[in-house]
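Top line first, the protein sequences correspond to chains X and Z.
Heads up, the numbering used here is the position in the first sequence plus 1317, with the first residue counted as 1.
Heads up, the numbering used here is the position in the second sequence plus 583, with the first residue counted as 1.
Careful, some of the hints might be misleading.
DSBU-like cross-link-like pairs, simulated, lysine-lysine; straight-line CA separation at most 35 Å [unchecked claim]:
(1) X:Lys1370 - Z:Lys594
(2) Z:Lys594 - X:Lys1434
(3) Z:Lys685 - Z:Lys754
(4) Z:Lys655 - X:Lys1343
(5) Z:Lys612 - Z:Lys754
(6) X:Lys1356 - Z:Lys741
(7) Z:Lys730 - X:Lys1335
(8) Z:Lys706 - Z:Lys732
(9) Z:Lys754 - Z:Lys732
(10) X:Lys1434 - Z:Lys685
(11) Z:Lys730 - Z:Lys623
(12) Z:Lys741 - X:Lys1343
(13) X:Lys1370 - Z:Lys741
(14) X:Lys1343 - Z:Lys623
(15) X:Lys1434 - X:Lys1370
(16) X:Lys1370 - X:Lys1395
(17) Z:Lys594 - X:Lys1395
(18) Z:Lys612 - X:Lys1395
(19) X:Lys1395 - Z:Lys706
(20) Z:Lys706 - X:Lys1335
(21) X:Lys1434 - Z:Lys621
(22) Z:Lys706 - X:Lys1396
(23) Z:Lys732 - X:Lys1395
(24) X:Lys1395 - X:Lys1343
Hints in this document: simulated from the structure, not taken from any laboratory.
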Amino acid sequence: MDNLTIEGSAKTPTVEFKTEGVLLLKGRSIPENSIEFYKPILDWIGNYGNNVKDTTEVNIQLEYFNTSSSKCILDVFKKLETLSGTNITINWFYEEDDEDMLEAGEDYQAIIDIPFKMIEVEEL
Amino acid sequence: MEQNNIILSFKGAITSELLTSVLQIMEAKMDDLNESTKTKRKVFNVLVECLQNLYHHIDDFEVTGSAEEISKKKSAVFLISRNDGFYRVVTGNFLLDENVPKLTDRIDLINSMDRSELNAFYKSVLNNGEMSAKGGGGLGFIDIAKKSKQKLEYNFEKVDDVHSFFTLIVKIEQL
Chain X
1318 MDNLTIEGSA
1328 KTPTVEFKTE
1338 GVLLLKGRSI
1348 PENSIEFYKP
1358 ILDWIGNYGN
1368 NVKDTTEVNI
1378 QLEYFNTSSS
1388 KCILDVFKKL
1398 ETLSGTNITI
1408 NWFYEEDDED
1418 MLEAGEDYQA
1428 IIDIPFKMIE
1438 VEEL
Chain Z
584 MEQNNIILSF
594 KGAITSELLT
604 SVLQIMEAKM
614 DDLNESTKTK
624 RKVFNVLVEC
634 LQNLYHHIDD
644 FEVTGSAEEI
654 SKKKSAVFLI
664 SRNDGFYRVV
674 TGNFLLDENV
684 PKLTDRIDLI
694 NSMDRSELNA
704 FYKSVLNNGE
714 MSAKGGGGLG
724 FIDIAKKSKQ
734 KLEYNFEKVD
744 DVHSFFTLIV
754 KIEQL
């Protein structure tokens, strides 16, 4: 299988999902129709499930996401939850004093059965 | 509202391209006004949700009649202003009367909640497994209330036999 690379745009994030087990979602996720955008991402995770590495590192570095994306992001985490044979960590990055983004990460953490690391950075 | 407090206003058809431009303009304006990062984030978030609400719900009903009539009912308005320490995002759109009670109940319920109730409600809707064909999931108003930290102001005005005009006003405090 191949890496999944999608260049970011004004409304969609940069996606760099590498077969070596490092997955990055970075930027803004505010498309009007997020289902369409997240479909290839979910499909890729499904394929990765057949070729997992010992560890999988998921880096979420989102500056903004809309409510249309929030359910899709939950679906990404739920899909990751189904993977077996790999130790997954989700690193949730947020800018200092962005309490809304920290809170959003904590909401996912409460729902998803994968360890989350909350990482505060000066700027995303 | 004083004319000079208005940062941006629009009336017409809501397209994806329009929303991209409006968001870009508002980010540049807030930079020019030297707003804090916190204020910029809050206003941007609320703006995205409010404008995408208009975008998604403009096609919820069929309009018959003259081309002018159709174009009018499919139009929406929005206005962004800044005054007395608050940003205000005002949106207006036509909808079918039959949707008024449901929308009223939804907003009243959200307005009745305190912060922890809103957070719990958000989490339960996030995880309810329901998704509309357009990718919305019933989180919009909850998110707007959470991020703005203000009660949502709204109004319905009857315009003809079957339609009403819905106005939503969201205030965001400058931080």
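Quick rundown of the hints versus the structure:
A threshold of 35 Å between alpha carbons decides the hint, and for X:Lys1370 with Z:Lys594 the separation of about 53 Å lies outside it, so the pair is violated. Of the supplied pair hints, the one linking Z:Lys594 and X:Lys1434 is violated, its CA atoms being roughly 44 Å apart against a limit of 35 Å. Between Z:Lys685 and Z:Lys754, the direct Cα distance comes to roughly 23 Å. Compliance with the 35 Å bound is thereby established for this hinted pair. Under the criterion of a C-alpha separation no larger than 35 Å, the hint pairing Z:Lys655 with X:Lys1343 is inconsistent with the structure, at around 39 Å.
Annotation: proposed proximity of Z:Lys612 to Z:Lys754 holds, straight-line Cα distance about 18 Å (limit 35 Å). Annotation: proposed proximity of X:Lys1356 to Z:Lys741 is violated, straight-line Cα distance about 41 Å (limit 35 Å). Straight-line distance between C-alpha atoms of Z:Lys730 and X:Lys1335 comes to about 34 Å, which keeps the hinted pair within the 35 Å bound. Between Z:Lys706 and Z:Lys732 the alpha-carbon distance is near 17 Å, which keeps this suggested pair within the 35 Å criterion.
With a CA separation close to 8 Å, the supplied pair Z:Lys754 and Z:Lys732 stays within the 35 Å bound. The hinted pair formed by X:Lys1434 and Z:Lys685 fails the criterion: a straight-line CA distance of about 39 Å is larger than 35 Å. Note on Z:Lys730 and Z:Lys623: the hinted pairing holds, with a Cα-Cα distance of about 12 Å set against a maximum of 35 Å. Pair hint Z:Lys741 plus X:Lys1343 does not hold up; C-alpha atoms about 44 Å apart against a cutoff of 35 Å.
A hinted pair counts as satisfied when its Cα atoms are at most 35 Å apart, and X:Lys1370 with Z:Lys741 does not qualify at roughly 60 Å. For the hint pairing X:Lys1343 with Z:Lys623, the CA-to-CA distance comes to about 19 Å; that is within 35 Å, so the pair holds. The suggested pairing of X:Lys1434 with X:Lys1370 holds, with an alpha-carbon distance near 20 Å, which does not exceed 35 Å. Simply put, X:Lys1370 and X:Lys1395 have alpha-carbon atoms about 18 Å apart, close enough for the 35 Å limit, and the pair holds.
At roughly 40 Å between alpha-carbon atoms, Z:Lys594 and X:Lys1395 are farther apart than 35 Å, so this suggested pair is violated. Among the hinted pairs, Z:Lys612 with X:Lys1395 is inconsistent with the structure: their alpha-carbon atoms are about 38 Å apart, more than 35 Å. The straight-line distance between the Cα atoms of X:Lys1395 and Z:Lys706 is roughly 15 Å, inside the 35 Å bound, and the hint therefore holds. Note on Z:Lys706 and X:Lys1335: the hinted pairing holds, with a Cα-Cα distance of about 30 Å set against a maximum of 35 Å.
Pair hint X:Lys1434 plus Z:Lys621 holds up; C-alpha atoms about 23 Å apart against a cutoff of 35 Å. For the suggested pair Z:Lys706 and X:Lys1396, the alpha carbons sit about 18 Å apart, so the restraint of at most 35 Å is met. In summary, the hint linking Z:Lys732 to X:Lys1395 is supported, as the alpha carbons are separated by about 29 Å, within the 35 Å threshold. A C-alpha spacing of about 19 Å is found between X:Lys1395 and X:Lys1343, which places the hinted pair at or below 35 Å, so the restraint holds.
Hints 1, 2, 4, 6, 10, 12, 13, 17, 18 from the list above are not met by this structure, while the remaining hints are.
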